[in-house]
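Asks: Below are the chains, spelled out letter by letter.
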Amino acid sequence: MEREFDPRDYAVAMVGITKQFPGVLANDNVTLLVRKGEIHAVVGENGAGKTTLMNQLYGLLRPDSGKIYVFGRELNLKGPRDAINAGIGMVHQHFMLVDNLTVAENIVLGSETRRGVIFDLRQARMRVKELSESYGLMVDVDAKIEDIPVGMQQRVEILKTLYRGAEILILDEPTAVLTPQETEELFEILRKLREAGKTIIFITHKLNEVMAVTDRVTVMRQGKVTGNLITKETNPREIARLMVGREVLLRVEKQPNEPDDVVVEVEDLWVKDNRNLDAVKGVSFYVRAGEIVGIAGVAGNGQTELVEALTGLRKAHKGKYMLLGQDVTNLSARELRLRGLAHIPEDRHKYGLVLDFPNYYNAILGRHDQEPFCRSSFLDHDVILKYTKELFETFDVRPRIPEMPSANLSGGNQQKLVVAREMSSRPKFIVISQPTRGLDIGAIEYIHKTILRLRDENVAVLLVSMELDEVMSLSDRIYVMYEGRFTGEVRPEEVTLEEMGLMMAGHTWEEVRGTVATR
Amino acid sequence: MRWIQAIFDILTNPQFYKITLTASTPFIFASLGGVFSEITGVVNIALEGIMLMGAFTSIVFTFYFGSPWLGVLMAIIVGLGMAWLHAWASIKWYGNQIVTGTALILLAQGVTGFLMEPIFGRPGQTDLIGKIEEIRVPGISEIPFIGKVIGELNPLVYIAFGAVVFSWFLIYKTVLGLRMRSVGENPEAADTLGVNVYGIRYFGVLMSGVLASLGGAFLSVGELGQFKELMTGGRGFIALAAMILGNWNPVGAMLASLLFGAAEAMNNQLQSSPILHVSASTKPLFNMLPFIVTLVVVSGFIGRTRPPAADGIPYIKE
Amino acid sequence: MIKSQQRIYAVLVPLLSVIIALLIAAVVIVLVGNDPLKAYWEMLKGAFGGAQEIANTVVKTTPLILTGLAVGFGFRAGVFNIGAEGQMAMGALFSTMVAMNLGSMPSVFAIPITLLVGMGVGAGWAAIAGALKAFTGAHEVISTIMLNWIAYYLGNYMVAAPLAVGSGTPKSPEIAPSAKLPPLLTVHATELTSGIIIAVIAAVVMYVILEKTSVGYEVKAVGFNPYAAEYGGISIAKNVVLSMAISGALAGLAGAVEAMGVHHRYLGALTAGKGFDGISVSLIGQNNPIGIIFAAFLIGSLRTGSNAMQFLGVSKHVVMIVQGIVIFLVAAERIVRTIMIYLRFRRREAGMES
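Taken in sequence, the protein lines are chains A, B and C.
Using this note's numbering, read the first sequence as starting at 1 and increasing by one per residue.
Using this note's numbering, read the second sequence as starting at 1 and increasing by one per residue.
Using this note's numbering, read the third sequence as starting at 1 and increasing by one per residue.
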């Protein structure tokens, strides 16, 4: 640095922040300097310490050492309330909204408009309307959160911070749930906020977004800052190297493969969601042996319900599901498994594992009542332990302790355990949902290779993922899902990202190609 | 035919409706208590125990000082103490709320049983000690039929219905109410906005103590004027059922309480029906009625109501 | 290492909870003007002072093992069976009704048949709550409490009208002699029944089911994480009903054993809170079959001893207070752990000073 550090030069100056969790040094002497009126990216892999750093800025965690300055004033944040008073607002990755309250109620909660003890709803609605109009953040003030789409929920989150007079906005992975078009809309909002003089800290691991909307970048790896860059003067390759610490292959290498016979055939399938509304509205598709079929789409467009119907966790109320020539519509998970289905679920904590079970119990979940693990209702612990040890060797699950509760495994190793179990059941058809969510790059590479190996072993693979890159690079064929229907069936090599985005937003393949043709 | 005749006679008699209101009162108090606690996210099955303590305390103070109203006041204080224990264990120490609730029921049964002899000189039940007398509402009591139902009632019955209005207003119209609902649904979200999650949960549980204790006090100094061991007889659990059936809403809880109160009143009137001549030995069969009604109604209606999303889950920061 | 530490906590937490509870109860005893040391001494003598006292304690322990196993099995399977009281009453009532009519049958048949009837009826009664939970979502805490009261009044009705014999306390006729459980030994008036053997066998069976069979695997999976269980092809509905039924079978067995070994008939006071005590027993025993045997013995001795204590004018209800405090502390075990850490810290500090 040429001249002496002066915190008054910055909207946010976090200096020498260290935060230790049991067993992890989450932030190791981290310094983050954000200028007023800029959009500043904080990038890094999962577990690099970005969220921990932001939680300290927002008063949710307290640093073990280090200083935090906001607009030149040193702060000692005891809780979110202090951060809010200092002009900081945070939009969390998982939205912090109260589902059964209305948009207006959510926005004013904690700083309510009131007359004495009485909550003044009328004034709240008015204030929220004014605010949303002045920043162009359109919301329906009287709708309940549970009834509005994700994009609007995010706008509610941003309004929440503005309502509290935030000058500094922290957005934690804000695009994970958005279509490319919605993402572009969000970027427009961010630019508008920047014009209004707001300072924005943008946490992400998507490099194209960093390039598209930010002014400066701070890169983190394993709790340390590995780079401070000006966006205009850098490129994705450089950022990626600083993030991962080595050169990364941004593409998966895939050999062409000749698919075999049709294994799965689905015809006009209709599935309802938990609120008894149609979530899947008549989809038809097929998957052949030795083929990876991707389902792309933004979260919440019926993918979850489709997967659950295909894996016996939810009933379809109309349509036909054929597996290896047999009608298996609405058979139970157990019967489907006996017919050669395997399933890597999107939420490994909720579905994939019984976290309180030891690893060797989780290793046989789904086959726990079958030979050789179980003979006439009695479990054979020796066989199970031996099997689990082999599984851990083959799939490199660490630590190799079969007796340990699965709750104590890291996220990557939990996922490896699920993948190992499902693959070694010798499936004919495997449904893979969000296989790399929350994993670091090393584990992602491993899982991707494994999925390709399944294909090469002539398994029919259905890959459902919200990560567009993942679907595009692994799949042989892709169906795009929007509001419970398929808007197109494409091959990854014949379609652009922009076209995918349009289909994910509801345009059909024909429309998309039409617009492209006329352009 | 005799049955239909008996039921018809009961239904046309204002006495049945009056007893329904009286029998509903403990359910209303306790189910409102349940609403307050669960709407902030703490399951409170200790209602049964808090009611029992309320019933006991109010009689004890009436016995010593001769004033049932003082008894009611002290019942509220003891109810607060019981509720505080539940709140402390489940909010501060993340205890299993159903199990601590069970513990408090047992504790209440133990304490009340234990103190019977030192205070009243004998176990089982006390003598008639004193009760709050019914009051006559001038004007209303003169209206035919209706006057016989709502014109002359125990003041605690009127207070119960007042508490319904009060609770509804507090929960749906005040700032505190908005915060309570947010804390029971998504405590993390409320926390990030600076809402004091633990404080609000304490408030909800303490309110449940006040209300359940009032319900218990009504049983002793309101209705009977004496205390009997285990006199709550499962009413705390019926109140929980009323809360569920009422969809965690004070007005709904009141309506469900009236239904269960009607079942109790019907049981009571059938047993003393001059047409049926129910013998002492078959009375137990009639006593099953309120419990069967509760069981059937709860299993029939659950799933159509929606509990607060964070109900029963301790909120652990970080 | 972590696992062994957890095991130590599993024993220490309930143990320390019991000690704290006894201390608090001592304060209560002082408050009503009695000497707690004397009271506890009487209690100890009442439970272990002689052969008859010990026999009494074992007799009291027997049903508590079974109801403790019932509640404990439920906990392991993720259901809170607060209805052991009613299931025990139904088991006792129906096994009595069958055993009354087995006069001509030899014991080798009469005893197993009567036991099976108790188990089956207990299982069925609990399965009602299980089915309601599985198919309508009604919480088992509410439905089992309602079933308790229904069972209570049904039992009262049966001994007041159709089965009534004699005068005084309403009761049923005696069961056939061949259906009575043979006493292991008789000390004065107390028969030490062979029920204790049945209870211990039941504990072993529960251990085997939970730890060695696919049934145990499935009910535990459903208890820990129903979503993952369903994903693994395990039927939640089936296992909820099954868990409740097994739990209820154990409570029903408690009723049958109590009727066949102690009262030889059904009467309203037969259960007398033993089902509810099962909750304390299972929590103190940390839902572990071996732990439950010890916990049942503890509560059994407290119950027996408290009868003796009453002669000093200290109500036996003190045991309920103790139980309430123990359950409270075990549920919020962090309180006890914090106390333990604090004590250890204090000791270390003291060590450093000296």
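Hints may contain errors.
Said to hold, decoys possible - When the alpha-carbon atoms are kept at most 35 Å apart in a straight line, the in silico DSBU-like pairs for lysine-lysine are as follows:
| # | chain 1 | residue 1 | chain 2 | residue 2 |
| --- | --- | --- | --- | --- |
| 1 | A | Lys350 | B | Lys131 |
| 2 | C | Lys212 | A | Lys386 |
| 3 | A | Lys67 | A | Lys254 |
| 4 | C | Lys316 | A | Lys350 |
| 5 | A | Lys315 | C | Lys45 |
| 6 | A | Lys315 | C | Lys38 |
| 7 | B | Lys228 | A | Lys67 |
| 8 | A | Lys281 | A | Lys144 |
| 9 | A | Lys449 | A | Lys281 |
| 10 | B | Lys92 | C | Lys316 |
| 11 | A | Lys254 | A | Lys78 |
| 12 | A | Lys350 | A | Lys281 |
| 13 | A | Lys78 | A | Lys192 |
| 14 | B | Lys131 | A | Lys144 |
| 15 | C | Lys238 | A | Lys320 |
| 16 | B | Lys131 | C | Lys316 |
| 17 | A | Lys36 | A | Lys320 |
| 18 | A | Lys272 | C | Lys238 |
| 19 | B | Lys92 | A | Lys350 |
| 20 | A | Lys67 | B | Lys317 |
| 21 | B | Lys173 | A | Lys36 |
| 22 | B | Lys228 | B | Lys173 |
Stated by the list, open to error - Covered by chain B, according to a simulated footprint, are these stretches of chain A (three or more residues, beta-carbon under 8 Å):
| # | stretch |
| --- | --- |
| 23 | 76-84 |
| 24 | 97-104 |
| 25 | 107-118 |
Stated by the list, open to error - Which chain C residues stay away from chain A? Per the calculated CB distances, all over 10 Å, these:
| # | residue |
| --- | --- |
| 26 | Thr169 |
| 27 | Val215 |
| 28 | Lys220 |
| 29 | Ala221 |
| 30 | Ile234 |
| 31 | Arg337 |
| 32 | Met340 |
If you're looking for bench data, these hints aren't it; they were derived computationally from the structure.
Beta carbons are placed, not taken as given, at the ideal position from N, Cα and C, and that holds for glycine.
Asks: Hint compliance check: list the failing hint numbers for this structure, sorted ascending.
Replies: 1, 3, 4, 5, 6, 7, 11, 14, 17, 21, 22, 27, 28, 29 and 30
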